[in-house]
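**Q** Sequence:
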Amino acid sequence: MPGHPLDHPALASLTGPHARFAERRGRLLRYPPDVSPWLALPDAPDAADWADAAALAGPGGSVALAGYRVPPPEDWEITFSADGVQLVGTDVETAPDEEAVRLGPADVPEILDLVERTQPGPFLARTIEMGTYLGIRREGALVAMAGERLHPPGWTEISAVCTDPAFRGQGLAARLVLAVADTVRARGERPFLHAAASNTNAIRLYETLGFRLRRTTRFLGARVPAGESRGVEAGAGTG
Numbered sequence: 001m002p003g004h005p006l007d008h009p010a011l012a013s014l015t016g017p018h019a020r021f022a023e024r025r026g027r028l029l030r031y032p033p034d035v036s037p038w039l040a041l042p043d044a045p046d047a048a049d050w051a052d053a054a055a056l057a058g059p060g061g062s063v064a065l066a067g068y069r070v071p072p073p074e075d076w077e078i079t080f081s082a083d084g085v086q087l088v089g090t091d092v093e094t095a096p097d098e099e100a101v102r103l104g105p106a107d108v109p110e111i112l113d114l115v116e117r118t119q120p121g122p123f124l125a126r127t128i129e130m131g132t133y134l135g136i137r138r139e140g141a142l143v144a145m146a147g148e149r150l151h152p153p154g155w156t157e158i159s160a161v162c163t164d165p166a167f168r169g170q171g172l173a174a175r176l177v178l179a180v181a182d183t184v185r186a187r188g189e190r191p192f193l194h195a196a197a198s199n200t201n202a203i204r205l206y207e208t209l210g211f212r213l214r215r216t217t218r219f220l221g222a223r224v225p226a227g228e229s230r231g232v233e234a235g236a237g238t239g
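When the letters of the sequence shown are read in order and numbered with full-length UniProt numbering, they come out as residues 1 to 239.
There could be a bad hint or two in this list.
Claimed, not checked - For each label pair, taking beta carbons as the anchor points, the in silico distance ranges come out as: (1) ALA48 / ARG102: 35 to 45 angstroms; (2) GLY3 / VAL101: 30 to 40 angstroms; (3) HIS4 / GLY188: 16 to 26 angstroms; (4) ARG117 / PRO32: 31 to 41 angstroms; (5) ALA141 / ALA48: 21 to 31 angstroms.
Just so you know, these hints were derived from the structure itself, not from any lab. None of these values were measured; they are calculated from a predicted model. Backbone N, C-alpha and C fix where the C-beta goes; we use that ideal spot for every residue, glycine too.
Using the sequences provided together with the hints, build the complete structure.
**A** Shown next as structure tokens:
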């Protein structure tokens, strides 16, 4: 694959360490909708690629793109658009955390509740399968978490960093980021992060931990027209 793996991290993940998740149609790849919303497009998508995207999502379905600045067809509805930053942690001093516990499928209902209250970004029913997720509990309740999402070759994205509002200001997010980064380093890989450019508090925290800006990026969501069918056959393009 030409270029740096972090230039199109969803594509690099789905053609690399996360190939087991890949659903393909034409030149497009995506994660199963209950794992992650990100769609991987070619660098210069043409009309056939957008037709394949519509086929994957289905009429009225949505797609999410990271790192692409090419707009979707005019009849698609833009559901969100935000500037973002990509930070790399090549020099971060990682550390395990004795209080952090490994989260698994049985914890998903509690994770989804915490995500709903804190809005750290997409976390779905099977997102837990993308990598290691660590949490901190107080009196049995999950109050903070962080984990691994996109996995380009040699890199792992740290994501879903969130803390219950009642427990903020205690450094839990910072501890969990460093603990997840420690598991990434233990595999001989390097951690990276995405954040909305407007989330200056999170960016400041990550920079304090040693993460450095690699590039600016853009996050885009779009919805397929409700009447769009493109002659999709059930199950087409999955693998």
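**Q** With reference to the structure, classify each hint as holding or not holding.
**A** The hints, checked one at a time:
1. Judged by the Cβ atoms, the range 35 to 45 angstroms given for ALA48 and ARG102 holds: they are separated by roughly 43 angstroms.
2. The supplied range of 30 to 40 angstroms is met by GLY3 and VAL101, whose beta-carbon atoms lie about 38 angstroms from each other.
3. Taking the beta carbon of each, HIS4 and GLY188 are about 18 angstroms apart, inside 16 to 26 angstroms as hinted.
4. The hinted window of 31 to 41 angstroms between ARG117 and PRO32 is violated, with their beta carbons roughly 25 angstroms apart.
5. Between ALA141 and ALA48 the CB atoms are about 49 angstroms apart, so this pair departs from the stated range of 21 to 31 angstroms.
The earlier numbered hints that this structure contradicts are 4 and 5.
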